[in-house]
Structure formats: C-alpha cells, structure tokens
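Chains as they are written, first to last, in numbering that gives the first Met the number 0: chain A, 0 to 983; chain B, 0 to 94.
Hints were generated in silico from the structure; no laboratory data involved. Heads up, a few of these hints could be off.
[To be verified] Below, a sample of chain B positions facing chain A; criterion: calculated Cβ distance under 7 Å:
no., residue
1, Val-40
2, Cys-60
3, Arg-61
[To be verified] Here are some chain A residues the structure puts well away from chain B; computed CB gaps all over 12 Å:
no., residue
4, Gly-74
5, Ala-155
6, Thr-160
7, Asn-234
8, Ala-259
9, Leu-471
10, Pro-561
11, Ala-615
12, Ser-916
13, Val-974
All C-beta atoms, glycine included, are put in the ideal place defined by N, C-alpha and C.
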Amino acid sequence: MSGYRLDGGGRIDRSRRLAFRFDGETYGGHPGDTLASALTANGVRLLGRSFKYHRPRGLLTDGPAEPNALVELRGGARREPNTRATTVELYEGLEARSQNAWPSRGFDIGAVNGLLSPLLPAGFYYKTFMWPAAFWERVYEPLIRRAAGLGRATHAADPDTYEKGTLHCDLLVVGAGPAGLIAALAAVRAGLRVILADDQPEAGGRLLARRAPLDEDEPLIWRDKVLAELRSAPNVRVMPRTTVFGWYDGNLFGALERVADHLLAPPTHLPRLIYWRIHARRALLCAGAEERPLVFGGNDRPGVMLASAGQSLALRYGVAPGRRVAVFATADSGYQVARDLQAAGVRLAAVIDPRRDGEAPAGIEAPVYRHTVVTSTRGGRGLAGAQLLDKAHGRSIALDCDALLMAGGWNPTVHLTCHRGTKPVWRDDLAAFVPGETGDAFRVAGAAAGHLSTPACFASALEAVAAIGTELGKPVPQVTAPACPEEASEVTPLWWIKESKGKAFVDFQNDVTVTDIPLAAAEGYRSVEMMKRYTTLGMATDQGKTSGVNGLAILAEVTGRPIPEVGTTTYRPGYVPVALGALAGPHVGPEFRPVRRSPLHRWMLRQGAAMIEAGAWMRPSHYARGEEDWFAAMCREVKTVRGRVGICDVSTLGKIDVQGPDAAEFLNRVYCNGWKTLPVGKARYGLMLREDGFVYDDGTTSRLGERHYLMTTTTANAAGVMAHLEFCLQALWPELDVQVASVTDQWGQIALAGPQARAVLAKLVDGLDVSNAAFPFLAAAETTVLGGIPARVFRISFSGELAYEIAVPADYSEELAEGLMRCGAAFGIAPYGGEALSTMRIEKGHPAGAELDGRTTAQDLGLGKLLSSKKDYIGRAMCRREAFEDPERPVLVGLKPVAGGKLRAGAHLLTAGDTPSVEADQGWIASSCYSPTLESYLALAFLKRGRARIGEELVVYDPLREGLYTGLVCDPVFVDPEHERLHA
Amino acid sequence: MIVTCPFCGDRPSEEFGVLGDAAPVRPADPAGDPEAWYDYVYLRANPRGAHREYWHHVGGCRQWLVVTRDTTTHDIAAVEPARLAKQTAPEKGEP
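Isolated chain A (complex conformation) (with noise of 0.2 Å):
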C-alpha cells in the first residue's frame, strides 16, 4: 500500500498515471479516479473549509450529494465554483482550489468564527444585521458577501460550447444500478424504444462498488453481459454521464449530458454539455438510494463520511478510507461495508452499533460494540479517535481510529418523482420517505421506491416493466433476475445521540447543528418550510440531500409530532445544479434571438444608415453626413423632406391580404370604421379596437379588387394582429368566406415624401397617371415601375407631407430605392431614418406607439367621429361606456415650451400654482422632439378636458431630469393643419 492507495482492485487503470494539481500541489492518480478518490489515495483528507465556522471538512460522500468536498474548479475562463470532488472524473492536467478559506486551508482566520459560535445561533443574519438600517447596504452586505460566498465564479465569457437535443421513446430508465439494468434488458426484449440514462461514466451503480455475487460470479460479469446484449440492440440509447434533473409536464425530463467535462477542455467539434429534454411514453425511476449520515459530536471532522462512501473509496477506486477504521451503524447495510473494506484490506478498528437487541452479525474481524454511540470525535485537520459510549454497561470508550464510516440508514432517492407536486410518502419500517403516487407514466423501481435489498431491487423493476409493456401493447418475455443471497436491510432510525459532545452538524454545507432546530422550533419556526428558512437548513447548493431528512426528523422530535405530520420540504427540479450555459445552448450572443432585417437593410447600410434595434427589426435611425451626429442629420433629412423630397424604408410595416367574397362585411367587423363604401382603387385610414373598447392598431387599408384588400398594420402590432384576424375569422365568425394571409416579408415598401415628390414618382412609374386629379390623395394602384417591376403605388402620408407608398416583391426592393435616388437625383433627394420620421408624424400630429399604449380610447385621440353607430365590430359594445365618455379623461393634444426648455417624455403637467401630487396630476407627455420645422421643441400630450384648454399655459413638471418649464397647449397638428400639402 502506497499512501492509502490499495494494492489491488476497482474500476481504475493502473497502468496509466494521471497528474493534477489541488491547491497548487501536484499529486498523480490513475483514469477512473474522481478528484476526491485520487486526493483520498494521496493522504489528503482536509479539501475545504466549512461555510459558517470555517471547520475543516472532506469528503462525505460518492456522489452528487457532497455538502462539503466543494472545490473551485479550473481556471481562466473556465473557472467554476462549488464543484463536487465526488463527481469530478479525474483527468490529465486537472487543476482544482479549495474554498471558504484564507491563507490556506490549514490555517484559516475564519475559523475564529467557531470560538464566536455562541453568538450565531440560528437566524443570526435576522438577529444580528438589523438594525441601523443604513448599516445593511454599506457595511453588513459586504460583510457577508465577503465572508459567505462559496468560491469564486469568473467573470470572463464562457469559452465553452453547448446544446439543446429532443428525444423520443417509449420507456426512459432513470439509473443504471441493478434494478434499471434489469428494466432496460427487459423492455428492450420487448421491443420498446428505450433510453437508459445514467450520471456515472460507466453503467452499473452500487454494483461498482460491492463484492456479493450476482449469479455465484462478480456482479460486473453480470452487468457486462447485460450492456452486451444492449449494446447489440437497435431500440435503446444507452447515456452515459446523463443526469436526469426534472420531471415535467407531459411526461417531459430534462437530463444534463457531460459531453466533455471529463477532460481537460472540450475537443472542438463537441459541446461541453447537452441539455435533453425526453419525451416520454412511460419512465422508470431506478435512481436508487442516498445514505444518511449520523447526528454526533465532531460529525463534520475530515475522516467522517458515508459508509456507502467508504464503500465506494475501498471498491470501486481501491483507496484506504483510513488506516484504522471504525463503523458506526444503525443500518444493517453497515456490517456489508465492514465485511467488504476487511475483504479489500482494509484494517478494521470497531464496528459501533446503538442498536440493543439481537445479535451482531459474524465474520467482523474487529471489536462490535452494541448498545454503543459515538459522543464526540477528536483529531486537528483530521479524525484522530472517536469517543464511545457504552450504554449497556455505562463506560466511556476512547477509540482510535482515521475514518469513521457513518450508517444511517438509507433516504430513496424521491426528487424527481416530486417535481410535479406529488408528495413523498412516510414509511415507519424503512424509517424513510418513498415517493408518492405518481401514475402510470412515471414508475418508481429498486432501491428508490424503498427496495433495500438487490433481489427486491430486480423483482421490482421487473414487475413495473412487465406493466408498462401491456399498457403499450409490447408484452414482456420472461426475464430471470441473477441469484444473490439474501441480504439484512433492516434499519432502526437514530436521528441524534444526544450524548453528544460537541457541535453536532445536521446540514454540513450551511453548518446547521442540531442545536439551531429545537432553538428554531422554540422561537415558532415549527413548520419544516419555516424551519428550512430560518436555519438555512437545505438551502445550500446540494439542496439538502443529506440532510433534509435527518433535520424534519429532529425537529418532529422535538416538537413531539410524528414525522409524517411534520412532512418534508419541496422537492424542486433540478435534482443537481445545472449550468446555465447549458439551458441557454446554441443561444447566446447574436444567436440569442432571431433578427429581421428589412430587404433594404444591405442598400440602407451602403447609404450610411445607423441602424437600431427596435423589437426584433434592425431600422435605420439616421443617415450621418460628413461629421453628422444622429441630431444634425435628423434636422437635415426633416428639412429635405419638408422643403425637397426625401425617401424612406417602411417595409418592416405589417401587410396582410384579405381576399373572400365576405372581404368588407370581415373588414367592417374588425375596424371600427365603415368599409362597405371603400371603391377599388382607394386606401382608407383603419382604426382597430380591442373587445374591451380600448385602441389597438391603426393602419392603411387599400381595395385593390372587388374582393381583394390590403391591410397594413404598425411594426409592433405586426404579429399580434395577424392572430387577432385568425381568431376573429375561425372562432368568431367562421361563416364569413374569408383568407387571409401575412405578406410582410413577401413586399419591400419605400415612403417618397416632400412637395417634389409627384416629379419624381413620374419619372419612376411606367405610364401610371399621378396627376392630382387622377391619382389623388388615398388613391391605390396596381401597376409596374421601372419598366416592368410589378408595383403597387399608394398616395398616403405619414410625414404630412404630399407622399406616396411605392410597395414591389421584395428582391426587387434596391432596384427600386436605385431607381427612386436617380429619379429624385435633380431634386436633391436623400434618405431619411427613424429619428427624422417620428420627428416628422409628432409635428403633424399622428398618433403612434407611444399614444396608442393600450390604455388610450378612440375619444383620448381625438379619433371619436371614426366610431360607427351603424354596424357591429370589436369593441363596439364597450367603447361607448360612461368613463370612456368622461369629459376629465386626458386627450391627446399639442403642447409648445413657453420660453424654451427640453419637453420630454413622461414629464407631468400641472395648472399653473398648483403644488404637485397626484391629485394635482392635470396629464402627461407621451411623445416628443425637437422640431427643426418650427425650431423649437414639441410635444403631444394627453390632457384632461385638453380640447377645451387650447391656449392655457401649464407647468410642465420633469423632477427627475431637472425640469421645470412652462407650456403652452395647443392643436396637436403643428404642420399644415389645413391638410394643403397632403392633397396637393
């Protein structure tokens, strides 16, 4: 034996050395070893402080569990905190720190909190860090911060890739121990598509780590014959290093694949991780079983752990877990691991029973103490001896021992069968929680529905797979379980030995003792979710695993109620903590979400455009000349087209066709306005309403045929209209003979505005009449342009200005934006953005996203005269309610700064001498700008009785960005109230 490595057997590779570093030392293992094996092997047994006293800590468990070996794990960018040495498959070059302690991990200041124990009792945080108040943002936050935080997470991005994959299949098996061996080779005979998913690297759960035959050989042969005959199967994926973390709706689990955490870095072409989410027909949960660790003095001392974990270390990594070691049992499970560590070589100091009936089993090789207890331990960074106590006989035992092996009994491994509400359910003779009715879909087999003992295992999972392949119509052939003897499973619960001497830890990663649940329970903290809070009992990161049920248990002791009426906390997904990189996958960055270019997006961008994100549309939002900043080119392009002529993308406004023999009667029942009179040929200002009466979207809609319109709709509303119509048509009115169709990005669209904006379009359009008095205001036509572009030309205005909507198939779109600049060339034309046309529709006074916000009413508008009193549509019957009538309902108006001053959006508006309050609250800003046009700022606000106070002077109140101003209300058609321009 070198170290505590053991001259022979487990699962690791001797023959390959593999080096790595924990705490800047280099120590080696061997390829099968995790980090916490291959420190064990080593002689290091302190990996860590605790998170409260700063105790020294190792390893408690084999698994996913571990409250304590909780180390920093690579670096760089890689850097990931809290990672379980348990779970760590050790590799090349592994580089991992411990945590919670300064300097080191020997000598570590903060374990001066220990000597000031008596002063953090349970709920110290609520106690203590009260009162000043100031005090908790300054001083006790980045205390605690400081102190608490479990390990350092990197800042840099992640370098790692991830996905997300789907799977289908009749049967999931959740472990691949004994019993979820068994349930895959069975539903596979049967012809079921199966996937058997596992954490481990390799298949076959405690069978790694445990000597009793399976069919008179090793219980690997058995495995591997199984894995065989799986792996010769077409119908079943067999997963690997896949936890599955969460039962959800539908029968849907979510399961973590470790791609690539097993090495050093992940390969190029593969992820590091995968989330799955299986859908499946049945699933089987054969998860198996965590231990529980004992309540005693000095529980926490490195050397104490599991005896499944000294199992494990002795079995399955051919480590030592010490050089003399003790058992302390109230599971019969515990006399198996003593019999088994002697079988591997390991020297045996006691097995410590409390139990006082019946007799100790044979073949220990070691003292067996019955009606004994463990008081208290002693030892500096690791266990030296243990303090026993003779019960029968009343004498103190001085023990020495390096490990001490706890066995507590076993807690079925619930979690998963929780997720969806179903409560776990309280069995008196395992003395543990098993899980509820979960249905059909989702059975529990093996050591997780409360099977303790291998041939209990096999037949459970045989029975439930028997079930499962009736239900879907795949009988199960006969399949025979391997022999195995009997084993004892009997448990007799000792939640706590209350000789004990010492801090007693229940929950060992947030250091809750056994003294912080009579104290909460006491100070009224009697409900276990109230007790979980108020001592942080659970809320760590391995979320109570190990100690959840030890801590209910206790506290239904001490409040003398049995345990079921205590019950235990909830069971949330995931059942281990999942990296968010992996719930993201693929999409992070650019991926995060898909983005809409216009089809001009490539020519708006060789003009210079800069573009802005708005919902998921990239628009321009100015044209910069020169030196230009986004104000200078704004007031250039609202001049050019003011004074010349300018053009404008708006193809990112929704379009959609409706076509039907019921087109206009459809129509008339979705706007608000009358449809029945529209002639071919013309478009029409569209006001649509929601059920409730309020605003909802506005557009233009044109005839272009006897039975053929076109609606267009705003950039936001795009989507939610299109539904809006489908539902109007398919669960309204399915008699109407009606289609509709979205055809936003079938059309590229370009706005031309400006008093030459006639000439221009002439010398565009191949033949079309645009005279004023054939082509007039609100006109519409199908036609060509450019010689022979199919076109379809509309004479509406969004800037106030004379304008026209030129709309061609999309891939034609720069052909027409090159077309329109070499028409409008000798009139001096330029692009316009964003910036210039929201400048443009507030000085002409139009009502876009910032007025139609859901809250506001065709009256609040000014829109009242469009509502008709001759026909039925959305919002007909509630648009015309009393408060929607009320004359002190905010109206849309203008409003104009006195004598200057920024008026911005969400400014308030007072009479003038009131003191502000919200009942002085007279309305609001809802929009804003700087008008080049006027040159002066402006802005359209809603006021209460607004119509009537044309011409009063308010204060504009804007606290928050220092301003105060007076303005004047008026019109909210600021350019050409008289309409002149628009049909000229």
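Go by the hints and put chain B onto chain A.
Frame of chain A, contents of chain B only:
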C-alpha cells in the same frame, strides 16, 4: 409537452400560443345587455380540472384550436378546430 394538432399531428407545446377560456360566447347584439358584455369581455373561469381553452398553432398551421386541458395535471383530453368547436360548444351552465 406534446399537443396533438388535428391538422399537423403531434407537435411540441412551444409552437402554440394560448388565449385562455373558450367558454365565453360573444353576445350577438352590441347594444344588448351590458352585463352580458361585461361577462364576455372580463370574466374568465379558472376551474380545477378539465378546462376548454383557445390555443393557436402559431408556429404551425395557424389554426385556432379548442384544447381540453386538465388544469391540475396538464393532461390534454381533446383538441378540436375552433371553427368546428363553435358549433358544438356546450351552453353556458353545462359542464
């Protein structure tokens, strides 16, 4: 979750949008009883157990569907096209 669309077959629930209670029927007369309109616009049942809801197959055939879903288990008992469901919808008061 998997939803069986009557037009597209088994599809993931992420392809669907959900509007809610499919029971309210739009009153025929816009000038009719304001109470009936108030009920239609604002009142929605939120029962425990079977619930008929409007779902929209946004990422598929774009058909509106009436999905009968158990609100406690999310089990889906029936999926039918909304345009047919209107004719077969139970009268108010019936289960």
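Right, here's what the structure says about each hint:
1. Checking Val-40(B) against chain A by beta carbon gives a least distance of about 5 Å; that is within 7 Å, so the hint holds.
2. With its C-beta approaching chain A no nearer than about 10 Å, Cys-60(B) sits outside the 7 Å limit, and its interface hint is violated.
3. Contact between Arg-61(B) and chain A, as hinted, is supported at the beta carbon level, the nearest pair being about 6 Å apart and thus within 7 Å.
4. Under the 12 Å C-beta cut-off, the non-interface status given to Gly-74(A) relative to chain B holds; the minimum distance is some 38 Å.
5. Non-interface call for Ala-155(A) relative to chain B: holds, since the shortest CB-CB distance, roughly 32 Å, exceeds 12 Å.
6. The beta carbon of Thr-160(A) sits about 22 Å from the closest Cβ of chain B, which is more than 12 Å, so the claim that it is off the interface holds.
7. The non-interface label for Asn-234(A) is consistent with chain B: the shortest C-beta to C-beta separation is roughly 20 Å, beyond 12 Å.
8. The claim that Ala-259(A) is not at the interface with chain B holds, since no C-beta of that chain comes within 12 Å of its own (minimum 27 Å).
9. Residue placement check: Leu-471(A) keeps its beta carbon more than 12 Å from all beta carbons of chain B (closest about 16 Å).
10. At roughly 28 Å from the closest C-beta of chain B, the C-beta of Pro-561(A) stays outside 12 Å, upholding its exclusion from the interface.
11. Every CB of chain B is more than 12 Å from the CB of Ala-615(A) (nearest about 15 Å), matching its label as outside the interface.
12. Under the 12 Å C-beta cut-off, the non-interface status given to Ser-916(A) relative to chain B holds; the minimum distance is some 31 Å.
13. Distance to chain B confirms Val-974(A) as a non-interface residue, since its nearest Cβ pair spans about 38 Å, more than 12 Å.
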